[in-house]
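Novice: Below, each chain spelled out in residue letters.
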Amino acid sequence: MSETARNRLMLAIALIMAAIYLFPLYWMYVTSLKSGSEMFANPPSFWPSSAQWQTFAFVWESRNMGRYLWNSTVIAFGSVALIAVLGTGCAYVLARYRNVWVDVGLFLILMLQVLPASLMVTPIFVGFTQVGLLDYPRLAVILAIAAKSMPFFVVLVRATFMAVPMELEEAALVDGNSRVGAFFNIVLPLARNGILVSAILIFMQAFGEFVYSKSMIQDVSLQPASVGLNSFMGPNTSEWNNIMAYATMYVTPILAIFVLLQRRIVSGLTSGALK
Amino acid sequence: EDVKLTLWSLDRDIQPAPNLIKEFNAQKNGIQIEYRQIQFDDVVSEAMRAYSTGKAPDIIAIDNPNHAMFASRDAFLDLTDMIKTSTVIKPENYFPGPLKSATWDEKYYGVPKATNTIALYYNKDLFKAAGLDPNKPPQTWDELVETARKLNDPSENVYGIAFCAKANEEGTFQFLPWAQMGGSTYKTINGEGAVRALSIWKQLMDEKLTSPDTLTRSQWDSTATFNAGNAAMVISGPWEIDRMLTDAKFEWGTALLPVPQEGAQRSSAMGDYNWAIFSNSKHPEEAFKALEFFASKDATMYKDFGQLPARADLPVPPTGNAMKDAALATFLEQMKYAQPRGPSPEWPKISKAIQDAIQAALTGQMEPKAALDQAAEKIKSIEG
Amino acid sequence: MTQQIELSGVNKYYGAYHALRDINLSIPKGAFVALVGPSGCGKSTLLRSLAGLETISSGDLVIAGERMNDMPPRKRDLAMVFQSYALYPHMTVEQNLTYSLRIKGVKKAEAKKAAEEVAAITGLSDLLHRYPRELSGGQRQRVAMSRAIIRHPKAFLFDEPLSNLDAALRVHMRKEIRALHDRLGATSVYVTHDQVEAMTMADHVVIMRAGVIEQQGRPLDLYDRPANRFVAGFIGSPAMNFIPARTSDDGTSLILDLPGAPVLAMDLDLPPGHAVSVGIRPEHLSLATADMPGFNVPVAAIESTGAATFVTTETTPEIVLVLNGRSTVSAGETIHLTFEPKNIHVFDAGSDQRIEVGTVLTQAKTAS
Amino acid sequence: MTQQIELSGVNKYYGAYHALRDINLSIPKGAFVALVGPSGCGKSTLLRSLAGLETISSGDLVIAGERMNDMPPRKRDLAMVFQSYALYPHMTVEQNLTYSLRIKGVKKAEAKKAAEEVAAITGLSDLLHRYPRELSGGQRQRVAMSRAIIRHPKAFLFDEPLSNLDAALRVHMRKEIRALHDRLGATSVYVTHDQVEAMTMADHVVIMRAGVIEQQGRPLDLYDRPANRFVAGFIGSPAMNFIPARTSDDGTSLILDLPGAPVLAMDLDLPPGHAVSVGIRPEHLSLATADMPGFNVPVAAIESTGAATFVTTETTPEIVLVLNGRSTVSAGETIHLTFEPKNIHVFDAGSDQRIEVGTVLTQAKTAS
Amino acid sequence: MRRILSTVRDGRGFDIVLVGVPFAFLFALAGLPLIYNILMSFQEVDMFSLGSFIRPFVGIDNYVALFRQPETWPILTNTLIFVVGSIAGQFVIGFGLALFFWTNFPGASWLRGLFLVSWVMPGLVVGAIWNWILSGDFGVLNFFLRESGLIEGNIFWRSDPIFSLWAVVIANIWLGTSFNMILLSVGLSAIPGDLYEAAEMDGANGWQRFWTITLPMMRSTIGAIIALGLIFTLQQFDLFAAITDGGPNNSSNVAQYWAWDLSFRQYDFGRGATISVIMTVFVMFAAAVYVRSTRHEVRG
Ligand SMILES: Nc1ncnc2c1ncn2[C@@H]1O[C@H](COP(=O)(O)OP(=O)(O)OP(=O)(O)O)[C@@H](O)[C@H]1O
Ligand SMILES: Nc1ncnc2c1ncn2[C@@H]1O[C@H](COP(=O)(O)OP(=O)(O)OP(=O)(O)O)[C@@H](O)[C@H]1O
Ligand SMILES: [Mg+2]
Ligand SMILES: [Mg+2]
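Residue numbers (the working numbering), protein chains in the order written: chain B, 2 to 276; chain Z, 5 to 388; chain G, 29 to 396; chain C, 29 to 396; chain E, 328 to 627.
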């Protein structure tokens, strides 16, 4: 089989798989265009009988989405920055050595992440109240998210550091660099892609974080989009089309950015070791 | 300096709380209220967490079955004395059910905010198609089952009836009226009537007269299948009326909940929220003023927000839409029989016991009688 | 002459593995020291310990008069060429070269100029903008070299820097490195497995085996007077031939264990019948006419590089000799070999240590 | 003799870079071919193309009579030793060695035995349970070697397999590889930058430069009759000396551009005043007494490996000569050099191509 | 002081700072809450004592009471099934996709990026969509299965006790696949190409290369992914809330959802905390396995 034929075949298979996998996304899009009860129709309708485009404008306006998205962005960036600063170094050390302390460290890191946010939020809330952190609610959420996601980041980035040959760092040391300098000049750039991927994953998670935000941020003007999304749900109402429209507006841009970025990151991961 | 109050409720921007607060603040009477919206699932946990760390709001809107939990521990302020002297809030003006839910130990720990109940909606077009009289909805349980059978049409994807037996408060909310009509209460949940009620539910499930997803579907989603024409009847509340008017492409009617047999005692569920003031509020007087202001707006609540006031003294003015007015009349009638859940400070656990029984019976893992016996046992041990 | 690098009693363990055993070594300022030894003997380890990349387990390491055991690498001011190159894959060749300068804060233009100068020496001028992954093995090695020589460090540490280069480039680089060394007055420690490199470049050669320094000294001293059989076999290529022998009954001569049992009369201080090894280098054996003293051996194989011909004999142990240019000798033939008596080495068969012999009195002659 | 590997018109591009240019090469079954050339000339690329690790851009590759252009590597049944070793870092040495056997489904015990046998040849017996990261550079290379020889493939491809080994081990391995080759009757292609390796091991040597095959043939043929100046300079170490010269006005002799302008009378078919290069190998120059024909040059430097002494002259271009053993010549002295006329090579100064000359009629003598 | 500064720049101090600060942070923000939870499982807790550490101590009463409940064992079993099922599914599909996209045909990296959608979508939305997809009557999954003739009548994924847990597992596999895929892709691209070349020369076919090179070389990545997958799976909450609510009759209830239900629906915080301690034991086991797996890691 020729190269191009093979490529076409692979692309076709990939498209089919993507179509299957992305079905929920598609469903989100069409639901946002459906009327209230149409989504419960049997047999299911794959295209809205009359597309309700105005839903989008309505949702954007009524919920002041711009502000929500801004808050989400602030929280996400804050968390990623904090995690990257704290977690990268930690991951590096845990990758560089191979001894009992590293084992203990890894073990603790995983253990600390075990409980779901819904169970962690009470003690954190209590603690934050006592030190007065709740007066800076977005900071409080950033700290909480950082604690929750850092183990994830550390474990992933550690694996990346494992792939950076020790000798390169040694060469830098001999070249007159301090440990600090070698870390920043050599090790970090070489682990850059892995760190970026992990940071982006964390960013997305923090962008959609919900449990901490809704408990700790009481001022609507500081709440992130995830909390805003929930405001379409009541005990006896769930405005699914609005929720989906809202979600569409908040998912699509991130997804687009990621598709663009990961292309560079994952496929650029070829500059491995030499000799 | 204005007195600052905080108020938590689950109302969204088209619902009463935020709008009433806006109006209240606009009066500039020296009291300003700050509003926070909380999600249904979180009201109680947020409130507890805040209360135990001293961060509780002054006023909260609390779901009526949870009221007793706070009241019994004196987390809410005893309003009895203030109500006595109030010219706006008079206990006798309220439906007895809602008022009872705000009462603990003969004292008033809150004021009903709004109320609702459930009744039977039915699809008149399908009635006609099945050769049934669209103006004669089923009156008794047996009729209900019979009608459901006739309306059931799997080939057209139509179920006879939709309701909600989900394993959360909604399940209890829908089941309890049936049990009560059968002469039981939550304390005697394994009474004969309750067992019969559960058996009827099971029969509906077994004969596939209702979707098996009734077990896991919320009232809102169940009603949506009715709106979409996939169920011929549904048991639900007045909050659905507006959606039904826009979504349902057929003629529909409402009826009181069917009773076990002709002439039997009626009963219905009672939902919606009460206002309460936290006992550690620094400004109880001002907070009560706010409640009085809210109560003074009960008269236009249905008109403005589509919610029923818990008031027996206020007529609900006609809207001009015949279907809507007819439905409203049904619900107001049904409201008279509405009974609160509890009140009991342990209501969530009691409710859980009832849900477990419903689910165990409907999935066929236990006989209705045995399931309810077990629930009764649990409830007894919970109540101590 | 001041000592630039001094190691005393240095030991290094990798876990339980004893990689360096009681190393004592003094390297004067400006010296060019070659470190040779079989693969795995600890050369790289020693170099890495000097550089500070491995902490030594015991002993003292003094550089320029200062104890450096615990000094971080960057404060030792040494430049190292890694056996595995260790090029920075995310930097172009130019950036690789100027990295150490940039750390020191050298100006951009200046660093660039330095890089171009070095690149001209190592023939990398056209590759300055490539990334390491786009270079061939030899090109990478040259980048590694250049990276070290662009700095002007206290000492250079080279770990087999030329092993992937072709002969011509190698000769060229050899000269460049040595010239550089002389110009900078630097001290260099140079690990190599190339005889010619070690002998021609170094002032001082250190021979290691299994973590131990077997002998050290000036190159020709090692060639002329190897301290033991290992060193004798290791220095010189093709390796020295070892012929088992024993002292004659009167103790005045050695009887070689070869066809015809040639006898060497010499001044020996050994008991009769003592087993020894007689070493003779391939280049010291020559063909002789049948009438000259010597011994006859059959030829097993002939190899020629053009400039020289290697003859391997069909004896046990086999004997290799090098003849200049081409030779008419062919496999299967029997040849008559001879050597100058002053060129033999005698080693104790048990301890493998060198046995000094007085002048060899007579040339070898067949006992019979 | 059947051709085992045949390349015709093979080209290979890396993007725009033309790495192999119109390569034509036939390797008979059982041959041992050495591939030499300067660093970056495309040796590894050619080997990788044979192995199927690079797809060739055009041309035909035939192995054992079958066109293999698009055959995946594993179906070509070749074994390769990588320049970068490419050891499996997650396997012990033993597992590395037996990998190919286990893939083929060879029984465990059998594989283990094979590994032990090979390890004994390559001196890895004690290291079988180590991981690659715990090995020295040379040990790794030996593992890479062993991994190839444990199989019995159609052909071996070696990419500088011995570059990190010390001389003794190298000589040993050289013999082992060659013996193995002979024993298995395999075909081998061997990339090396070591002259001696190429000349002594190979039946056929291929010299590449910048992606082009410059010359190929039997080793001594290349040594004796290099086709151009590049090959002449590349084969032989130290490299051939090139002395500029021009034909005399009568066209019957060459006048060398050296002090005293020595003249070589010879049979030439060149116009008068034509510029040429005269090549003479270092080993073909020798010291002569002043009364012999020859020329005088001052000495710049002396290097000795013990077995040989390299003398570099203070002329432009400099001339290198090799003397056997030690020499009393010292820097600054003037020496009188001579050579046998049959040993010279003449190349066109413009095209660098070899010019065949008839017998050199007279020995060099100073024109004056 | 200078000594300290210099070890931070050059020596062990650097490592200690890099590790010390994050661990202190983690201890304060994750360690203390965990301890709070563990403490709570030995105490009697109600809404009024949430704010303090000191509460009536009840010993192991909470544990005893918990294990007396008939649903405890089934729920723990469900948890195990859920975790194993989800992780196995996510990992296998994720690995398959990562390998597929690794072949690097044109467009591969674009499409691969799209697969991250499940990571970006808010839990609430994912839950709702799967709720519809898995619905018995109007669900799209049933629709496709019916249309393709795989089933006769509808499967009530959410309401049939036999299927309800698997319904959530399916949704969770969808959710976790992208995370697995992207990280495995990164891991794959870190394997040096010459190893594959060597293996190919050694005669290994694609399948064998996968088992003997790819898998072992990915050990640390795989260990990390499975460990993280376990944690995500144990934290999965939205899907239960949206799809089955743990029902019917606890047939799809799992520890984390139950703990939440006990704590925040029945306000029995002590028992809720008790379950979270049991979950901690689960993770402790997994963490130990992960740490062990790092012993065989290969350093670059
Ligand atoms: N992936 C690549 N992209 C671009 N150029 C390349 C690539 N790989 C090799 N080259 C170039 O191709 C040429 C031949 O490389 P090759 O590795 O075959 O050299 P070589 O003869 O093996 O050299 P050495 O003896 O140094 O190993 C070199 O100039 C190298 O820079
Ligand atoms: N990290 C390690 N753990 C255990 N043993 C090691 C380690 N590094 C090296 N060794 C062993 O220490 C010995 C010396 O290794 P070293 O790298 O110094 O050898 P070398 O003399 O440089 O050899 P070569 O010429 O082959 O490079 C070897 O036997 C090697 O196997
Ligand atoms: Mg080494
Ligand atoms: Mg190469």
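No wet-lab data here; the hints were simulated from the structure.
Keep in mind that the hints are not guaranteed to be accurate.
Between beta-carbon pairs, the in silico distance windows are [unchecked claim]: (1) Z:374 to E:381: 41 to 47 Å; (2) G:212 to B:102: 42 to 48 Å; (3) Z:385 to E:381: 46 to 52 Å; (4) E:395 to Z:265: 38 to 44 Å.
Built from N, CA and C at the ideal position, the CB exists for glycine as well.
Novice: For each hint, tell me whether it holds in the structure or not.
Specialist: Consistency of the hints with the structure:
no. : hint                       : result
1   : Z:374 to E:381: 41 to 47 Å : 43 Å, holds
2   : G:212 to B:102: 42 to 48 Å : 43 Å, holds
3   : Z:385 to E:381: 46 to 52 Å : 28 Å, violated
4   : E:395 to Z:265: 38 to 44 Å : 41 Å, holds
The structure shown violates just one earlier hint, number 3.
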